[in-house]
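Below are the chains, spelled out letter by letter.
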Amino acid sequence: MEKTTAVVGTWHGPLGIAMNRLALALGLLVILSGGLFAGWRLFGPQPKWVPGTMPVSPEIEEKFGVRFTFLAVTADGGMVELRYRVIDEGKAANFGHYSETAPLVISEDDGKIIDVTIMGLHNHRVEPARTYYVLYRNTEGAIKSGRPATIAVGDLSLKHVVSW
Amino acid sequence: MRSSRLSRIVLLLSLLLLVVPRSNGIVTAGHEDMPPHGIVCTENPTATFTLTTQEGTISLPDGNRVYMWGFSEGGDPFQHPGPTLCVTEGDTVTIVLNNTLSHDVSIIFPGQEGVLADGVPSEPVFDVGGNLTSFAPVAAANGGAVTYSFVAAKPGTYLYESGTEPGIQVNMGLFGALVVRPAAHPNWAYNEIVASGAVTYTTEFAPDEEFVLIFSEIDPVLHMAVEQGLPYDMNNFTPRYWNINGRSFPDTIAPNGAEWLPEQPYGSLIHINPYDVDTHPYPALIRILSVGSESFPHHPHGNHSRIIARDGSVLIDTDQSDLSYERFTVNLGPGQTVDEMFAWTDVENWHPIDNPIPVVIPQLQNLTFGTFYSGSPYLGQTDLLPVGHQALNSCGEYYHIAHNHALQQITAWGVVLSGHITFTRIDPPLPNNCQ
Ligand SMILES: [Cu+2]
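Residue numbers (numbering that gives the first Met the number 0), protein chains in the order written: chain V, 0 to 163; chain E, 0 to 434.
Bound-form chain V, shown alone:
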């Protein structure tokens, strides 16, 4: 009985390159780049937060009649400003007046909350399409420029807002 020995042959591709070596190189490349990618994700910059990013919450608009438009760190880091536009003056009439209708801002980095307001643009009635602001104390520098935050109002919230 003749032994058939599987000969580990070298198959040369059309360009004469040893394809198994090519496969090895490709595999190494995939592993290396995968490692680099993982390392980049772990140690590189976190998701690129774009300052001024303001998502939209249909639930908040439906319930409170306002659309948040702006979040910024101001007064050399001592205060935070939040703006909203009134889209339904009936629903927005009591916005900010009670703890159930007052927005607060939470840092997504460490959960620090700011909820102490200093002043806001106000009138006896809110007007449609007008923008109003609320100023907060930036307690312990909780909110930082270019970092994500959540705006919470009542039982609703708007995530991944990026402060100016």
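Any given hint might turn out to be false.
What the hints assert, rightly or not - Simulated crosslink set (DMTMM-like; lysine to aspartate or glutamate; CA at most 20 angstroms straight-line): (1) K143(V) to E258(E); (2) K111(V) to D154(V); (3) K158(V) to E99(V); (4) K47(V) to E258(E); (5) K153(E) to E112(E); (6) K153(E) to D310(E); (7) K153(E) to E203(E); (8) K143(V) to E31(E); (9) K158(V) to E58(V).
None of these hints come from the bench; they were simulated from the model. Nothing here was measured: the structure is a model prediction, and the numbers come from that model.
With the hints as your guide, set chain E with the ligand onto chain V.
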């Protein structure tokens, strides 16, 4: 080999550091070199500036945008107000005005003497019928130019503004501040040494606590008419917005160069440290200017400030005696400039242990807590607050509102708490843990 790998690691680390967000706020491209607060000088060794008129819009905190005209340095994009030009006493100041607008424009320099326009005295211009058409020779509409020059003879705070159709053009934004510094003492507001009784003092200020506040007003109906090329009757002039450095509160307290205000680079937060005889002996210098059409009674809360000069003239008598005065409210007339010095002083050295404030604190149920309160009345201290009341301060700093006492001028189209409001922020003595 090893060193090259090391250098690659270093390079990688430094690249990573580059993408770490900076803590000093988000700044408009081109404005990275601005300090977060305080005066932003446009200056150069030859005191030669090119001011180009531009059109643009500014943002107001009620969500409105208003069409404006402005002066920008060289080829810079539209900004409001014009750049703060800083020169030194004795400089020959040259200002080339390039006009891109569809109206003739000129510049006048109140307080400067011997101003030349294209080399001849800058004088009012009349039409063939003898009607005054401009307070100074113009750069003609759509591409005209004129060069003004003068010797900045006297230190002080001055306006530069349009001298053509000034009722319209100044309201449209064609104005800025001119600061002339003493040649021998750049950190003094004025050269004079003032005698106050037996004491003499100078107007030396803390160089990192110099501020410019230009008060203005806007009638958006005028701006709409100008934008649309429609006539406007100045008898109907009705301001709806009031700006400090081209911004309405709360934009006034945003940093210089804030990225969300690319056309309005100048903040007006007065951010200072307390007086200390050793570490912080000089006061802040606040240069206040008005281009409004009526008086603006500006009132900074807290200590009174000392008015040391008006319209670029130091308040000193012929015998060098002191004519400066403290004021609760600085009443700013149209076109006026006022320089005030302000030091926040812990007058009675209150301290929770060494020198407590002699007040028996009522029971908690009988107290309400103001939103500015840190839990402690002592600068730099924070203390417990009732349950449910968030600890307030970042570092025990104080904020004093500073606002126009004509309360209709702290509104934005009728809604209160905007307009002519800014804040004075006093940090605890250094070193502190302020953000
Ligand atoms: Cu007041």
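Given the hinted pair K153(E) and E203(E), is their alpha-carbon gap at most 20 angstroms? holds (16 angstroms)
With the threshold set at 20 angstroms, check whether the alpha-carbon distance from K143(V) to E31(E) stays at or below it. OK: K143(V) and E31(E) at ~18 angstroms, within 20 angstroms.
Would the hint linking K111(V) and D154(V) be met if the CA-CA limit is 20 angstroms? This hinted pair holds, its Cα atoms lying about 18 angstroms apart.
Below or equal to 20 angstroms on CA atoms is what counts here, so check K158(V) against E58(V). holds (13 angstroms)
For K153(E) and D310(E), compute the direct alpha-carbon distance and say whether it is at most 20 angstroms. holds (11 angstroms)
20 angstroms Cα cutoff - pair K143(V), E258(E): holds (14 angstroms)
Given the hinted pair K47(V) and E258(E), is their alpha-carbon gap at most 20 angstroms? Holds, at roughly 17 angstroms.
With the threshold set at 20 angstroms, check whether the alpha-carbon distance from K153(E) to E112(E) stays at or below it. The given pair, whose Cα atoms are some 10 angstroms apart, holds under the 20 angstroms limit.
Does the structure keep K158(V) and E99(V) at a Cα separation of 20 angstroms or less? This hinted pair holds, its Cα atoms lying about 18 angstroms apart.
In this structure, every one of the numbered hints holds.
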